[in-house]
Amino acid sequence: MTGPQFDLTVVVPVAERPIALDQLYHEFSRPLREAGYSFEFLFVAHPWARKLTAVLATLRAAGEPVRLIEVAQGGETTLLKVAAANVRSRILVTLPAYLQTEPTVLPDLVTQVREGADLAVAWRAQRRDSIVNRLQNRILHLFVGRLGGGRLHDVACGVRAMRTEVVSEIPLYGDFARFLPLLALREGQTVEEVPTAVHRKAMQGRVYGPGIYLRRLIDVLGLFFLIKFTDKPLRFFGLVGASIALTGLFILLVVLIQRLTGTPLADRPILLLGVLLLTLGMQSIALGLIGEMIVHLSAPQQQRYRLRRTNSPARPDAA
Amino acid sequence: MSLRPTLSVVVPLYNEEESVPGLVDAVRSALAGDRTWELVLVDDGSRDGTAAAAQRISAVDPRVRLIRLARNYGQTQAMQAGFDAVQGDIVVSMDGDLQNDPADIPMLVSTLEQGYDLVAGYRERRQDKVITRKIPSWVANRLIRAITTVPIRDNGCSLKAYRREMLDRMHLYSDMHRFLPALAAATAGARITEVAVRHHARRFGQSKYGLSRILKILADLLTITMISWFRERPIALFGLGAAGAFGLGMLFFGFSMLGVIDPRPRVAHAYVLPAAGILWLVLAWYLVMIGLIGEVALRTAREREDVLPIAVEQPL
Numbered sequence: 001m002t003g004p005q006f007d008l009t010v011v012v013p014v015a016e017r018p019i020a021l022d023q024l025y026h027e028f029s030r031p032l033r034e035a036g037y038s039f040e041f042l043f044v045a046h047p048w049a050r051k052l053t054a055v056l057a058t059l060r061a062a063g064e065p066v067r068l069i070e071v072a073q074g075g076e077t078t079l080l081k082v083a084a085a086n087v088r089s090r091i092l093v094t095l096p097a098y099l100q101t102e103p104t105v106l107p108d109l110v111t112q113v114r115e116g117a118d119l120a121v122a123w124r125a126q127r128r129d130s131i132v133n134r135l136q137n138r139i140l141h142l143f144v145g146r147l148g149g150g151r152l153h154d155v156a157c158g159v160r161a162m163r164t165e166v167v168s169e170i171p172l173y174g175d176f177a178r179f180l181p182l183l184a185l186r187e188g189q190t191v192e193e194v195p196t197a198v199h200r201k202a203m204q205g206r207v208y209g210p211g212i213y214l215r216r217l218i219d220v221l222g223l224f225f226l227i228k229f230t231d232k233p234l235r236f237f238g239l240v241g242a243s244i245a246l247t248g249l250f251i252l253l254v255v256l257i258q259r260l261t262g263t264p265l266a267d268r269p270i271l272l273l274g275v276l277l278l279t280l281g282m283q284s285i286a287l288g289l290i291g292e293m294i295v296h297l298s299a300p301q302q303q304r305y306r307l308r309r310t311n312s313p314a315r316p317d318a319a
Numbered sequence: 320m321s322l323r324p325t326l327s328v329v330v331p332l333y334n335e336e337e338s339v340p341g342l343v344d345a346v347r348s349a350l351a352g353d354r355t356w357e358l359v360l361v362d363d364g365s366r367d368g369t370a371a372a373a374q375r376i377s378a379v380d381p382r383v384r385l386i387r388l389a390r391n392y393g394q395t396q397a398m399q400a401g402f403d404a405v406q407g408d409i410v411v412s413m414d415g416d417l418q419n420d421p422a423d424i425p426m427l428v429s430t431l432e433q434g435y436d437l438v439a440g441y442r443e444r445r446q447d448k449v450i451t452r453k454i455p456s457w458v459a460n461r462l463i464r465a466i467t468t469v470p471i472r473d474n475g476c477s478l479k480a481y482r483r484e485m486l487d488r489m490h491l492y493s494d495m496h497r498f499l500p501a502l503a504a505a506t507a508g509a510r511i512t513e514v515a516v517r518h519h520a521r522r523f524g525q526s527k528y529g530l531s532r533i534l535k536i537l538a539d540l541l542t543i544t545m546i547s548w549f550r551e552r553p554i555a556l557f558g559l560g561a562a563g564a565f566g567l568g569m570l571f572f573g574f575s576m577l578g579v580i581d582p583r584p585r586v587a588h589a590y591v592l593p594a595a596g597i598l599w600l601v602l603a604w605y606l607v608m609i610g611l612i613g614e615v616a617l618r619t620a621r622e623r624e625d626v627l628p629i630a631v632e633q634p635l
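Chains as they are written, first to last, in our numbering: chain A, 1 to 319; chain B, 320 to 635.
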């Protein structure tokens, strides 16, 4: 590659509930063009989305700067990583394939990154989508808000701008691309929010099946564990295990005292519960210890801190 | 100066703006006329002017270097970042709050040169609050010493000297700086001793510790115990646990056998006690499996990297 060829690349993972891609392209390229940036739109899609991506050939034929990369495997995180590896600019903008925010926010996000932020994320401060959507977002932030030190208002917003390298500097896997700003904060990157509004056409409520909510819940739990305990699994498993084991021990003690005062030990089915809890607690602690062993053994391979970029702005970061 | 310094002093700093100039002056006068040295200041994502203060000094004195972490990672990571950056063959670490006295550095270094890999400072007359600092620390040190058998009276004192060969074999993570001597002994085979050092009352800023750490320290203590004793044979630890669980299970089965000779057989002898016995056997089985996973993890790690502990040929 011979240096950056554009100011920025807009990466569109064609994954969830996409709209017509030519409409998306026209909506979101306009403010960038007006701001005077040279850019390219990079669509990443699964091969089974060809019905949607067919229109890109037409755009291309009309001379629009669009590219399409197909990946036959992986979720949104994989799509993002594949895209980042194929970006030919210093700045990368991610855009969900539907109308999430007002298009006018894009130049502002790019400005933040040009001024030194590692990542700038749109914050849908002015919501005009359905009450269902708002409620979903509220509940999500109830859980994940604290993980970012309470600094981020709209973690789940997919409209973001960043230095292209940020994608490779953050350990991204599974479904964690969704929480990119939180992970970036954890890696000591500077994250800025740009307030904007929900897209004026995004009025209809989106309700999903219970499966989606279950997956989100697992995502959030996974994220919580990842951020709080990956370096110290025993603090989590040990606390859980010790509480369970102590409950079991307490039950056994009560049964034992009653045995000494006359009630035969073997006639107490609750004895079983006591033993069950005790063994369960010990299992948790053993799992935590194995986790610690793995962390300890991998310590030589892992650098667990990041140095500040020398040209980053002298702005103290949140932990 | 292109000369590589022989002594590196590492100081993690978090919101120590006021302490920095005094710290640098104290290090300068302590090491004046001595060997070539460098002072590595590690700014652990401070929110005050710590980095700027350090930057001002390092701009005029090339012996003072500043390393800035991207965010506040905590003392362990800050120390490791400093260790990763040092150039000297002898490394000294200390706190940035002026409670340690840099005047002790030459003494630590000369002790190190008598044939040790780690010399830990021991705060003889500690100037801290009794209830919140000294008593918990006394209990913790007793526990750590008893469990790890590394004879260090004061694990909490940051003023320590190390050989670089030893640091290259040891990696700090999580909050392991508290157990640094035990970790050094377990992973690098460090030869360790301790010497008394001075300790001053805090002049600036806030102490960054509290009482709330006890649960965390207990978990870490369990971890360091495992690492100290079973680092190269995880199956032994879990096998030991499995044997205990198996024994308990057998005990319950034994009691249930009493039903056979009991003239008035009880339902419990046939159900409750054997069931409890089975639970223990299940735990034993599970612990063996976990131990095997530990062996897999160990083998994988050793395939990637196999570093031998420090070995010294002795004159005969």
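Source of the hints: derived by calculation from the structure; they are not laboratory data. Since this is a predicted model, take the numbers as computed values, not measurements. Keep in mind that the hints are not guaranteed to be accurate.
[To be verified] So, partial list: chain B residues that the calculated Cβ filter (under 7 Å) puts toward chain A:
(1) Y392
(2) P470
(3) I612
(4) G613
(5) A620
[As the list claims (entries may be wrong)] To give an idea of the chain A side of the interface with chain B (calculated C-beta under 10 Å), a few residues:
(6) T58
(7) S168
(8) P171
(9) L172
(10) G174
(11) L246
(12) S298
(13) R304
Using N, Cα and C, we set each Cβ at its ideal position, and we do this for glycine too.
Right, here's what the structure says about each hint:
1. Y392: holds, 5 Å
2. P470: Result: violated, 23 Å to nearest chain A Cβ.
3. I612: Cβ of I612 (chain B) sits 6 Å from chain A, so the hint holds.
4. G613: Holds - the Cβ of G613 (chain B) comes within 7 Å of chain A, reaching about 5 Å at its closest.
5. A620: Where the cut-off is 7 Å and the nearest Cβ of chain A is about 4 Å from A620 (chain B), the hint holds.
6. T58: Check failed: Cβ of T58 (chain A) comes no nearer than 44 Å to chain B, outside 10 Å.
7. S168: The hint is violated - S168 (chain A) has no Cβ within 10 Å of chain B, the shortest such distance being about 15 Å.
8. P171: Violated, because the Cβ-Cβ distance from P171 (chain A) to chain B comes to roughly 14 Å (cut-off 10 Å).
9. L172: Constraint on L172 (chain A) not satisfied, violated at 17 Å.
10. G174: Nearest chain B Cβ about 21 Å off; hint violated.
11. L246: Hint on L246 (chain A): violated, closest Cβ of chain B at ~13 Å, above 10 Å.
12. S298: Holds, because the Cβ-Cβ distance from S298 (chain A) to chain B comes to roughly 7 Å (cut-off 10 Å).
13. R304: holds, 5 Å
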